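Q: One point on numbering: in the UniProt record's numbering, the residue at position 62 of the sequence shown is 62, and numbering is uninterrupted.
Heads up, some of the hints might be wrong.
[What the hints assert, rightly or not] Simulated DEER-style distance windows between Cβ atoms: (1) Glu-138 with Ser-30: 36 to 46 Å; (2) Glu-85 with Leu-164: 42 to 52 Å; (3) Glu-79 with Ser-100: 19 to 29 Å.
I should point out that these hints are in silico values taken from the structure, not numbers from a laboratory.
Keep in mind it's a predicted model, so treat the numbers as computed, not measured.
C-beta: ideal position from N, C-alpha, C; glycine also.
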Amino acid sequence: SQAAPVRRVIVDKDLNLAQFVSGVGMGYASGGFLGNVQVGGSIISASQQQWCSRNVGVASGWQGAVWNMVFLGTQGAPESHCGREGGAPQVSIPETPIISEKPFITIDAAGKYSLQVPPVQRARVGPDFGLGRRVPFEEVFVAKDTDTAAEINRHLAVGLDVVL
């Protein structure tokens with residue numbers, strides 16, 4: 001799970017951040033990111049390290065850690081702790097000073113695609129699953145790997161949003 005991001009997800013029960021393999025033990029787990037996630041149970045970090053949770057809601061708390069855990073605007077995060085004694089080093093900052101979630105694509109019941117652009121938010125705590133500004137796909141240029149920077153910039157210049 002090295003640097004594996006999880007964004008804009010709702011988990012009804014517990015969330016395990018590593019896989020347990022019977023007869024072997026805990027699978028590999030070395031860092032990752034949760035952003036804008038709601039968990040209905042606990043988050044079990046197992047052997048995770050170099051971890052960042054931003055604007056997460058955890059109903060039943062966070063279990064376990066190895067080191068270098070960072071919690072930003074996370075409801076249910078453990079208390080900050082530094083040092084070698086008394087638990088894993090972790091930093092909990094109560095709110096995210098400024099954030100804009102990644103844009104994402106939706107499709108409605110009629111089969112029409114839209115680009116959803118979340119707004120900039122300040123002093124945010126916990127997840128936010130609002131849609132933000134809706135941009136119909138008629139106003140979006142979907143770039144391909146063969147498009148040049150000049151082609152993409154031409155579409156931006158006429159006011160289109162761009163999806164890479």
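Q: Hint by hint, note whether the structure agrees.
A: To see whether the hints hold, each was checked on the structure:
In this structure the hint that Glu-138 and Ser-30 lie 36 to 46 Å apart at CB holds, the actual value being about 43 Å. As the Cβ distance of Glu-85 to Leu-164 is approximately 47 Å, the hint placing it in 42 to 52 Å holds. For Glu-79 and Ser-100, the hinted distance range of 19 to 29 Å is satisfied, since their beta carbons lie about 28 Å from each other.
Checked against the numbered hints listed earlier, the structure breaks none of them; every hint is satisfied.
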